[in-house]
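Protein chains in written order, with the working numbering: chain A, -7 to 109; chain B, 2 to 115.
Since the hints were derived computationally from the structure, they do not count as laboratory data.
Each hint can be trusted.
So, partial list: chain B residues that the calculated Cβ filter (under 7 Å) puts toward chain A: (1) Met32; (2) Ser43; (3) Leu44; (4) Leu46; (5) Ile91; (6) Thr103; (7) Gln104; (8) Phe106; (9) Pro108; (10) Gly109.
Where a beta carbon is used, it is the ideal one built from N, C-alpha and C, also for glycine.
Okay, here's what each chain looks like letter by letter:
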Amino acid sequence: AQTVTQSQPEMSVQEAETVTLSCTYDTSESDYYLFWYKQPPSRQMILVIRQEAYKQQNATENRFSVNFQKAAKSFSLKISDSQLGDAAMYFCAYRSPPSQGAQKLVFGQGTRLTINP
Amino acid sequence: SAVISQKPSRDICQRGTSLTIQCQVDSQVTMMFWYRQQPGQSLTLIATANQGSEATYESGFVIDKFPISRPNLTFSTLTVSNMSPEDSSIYLCSAQGGSTDTQYFGPGTRLTVL
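Required output: the full structure, derived from the provided sequences and hints.
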């Protein structure tokens, strides 16, 4: 079974600075999807970024980018120019490809990110 | 992206009662899911809601406790039956399908059982 590990329960960063959240996963599959979701106090799960394992290029979405290291099974999220609105719980998630049937998301334990003004 | 709504947004219930949570998607989707998020914890999948057939439950979750319906491609319900305080959690619906394979989430239902 796949597992996802986020080793940083809490992180903090100064506003406008850059922060990196770590995520590692364990799988025997060669094709899969990885996601970062954020959950602010409103509890709404919001997609931040996604990465397909077959793509070597790291995904980027505005101030958010990932460092995907397939061999190391590592998927970190970098947030540049941090803003107060980035404060939230961040979850890393893994999903098997459609060919494997089950499409459930397997989540890490989460990292609580605080932005200091 | 799909827009997903859930009702109710929160509820406080007495032990031994049941609550049905509704999930509505603004477009037809292939797959719908129900997750539980216990206080201070991550999300755990309860079941995959299958249109026109019985839901597929994850280990540790059973149909008698969490019956699920999915009568069409845009709607699903989750019932939490015979509730106990241990069922106090946030219950989230998600949907996947269309042009992307991404799962989008509803706003969640915060359930407190006294």
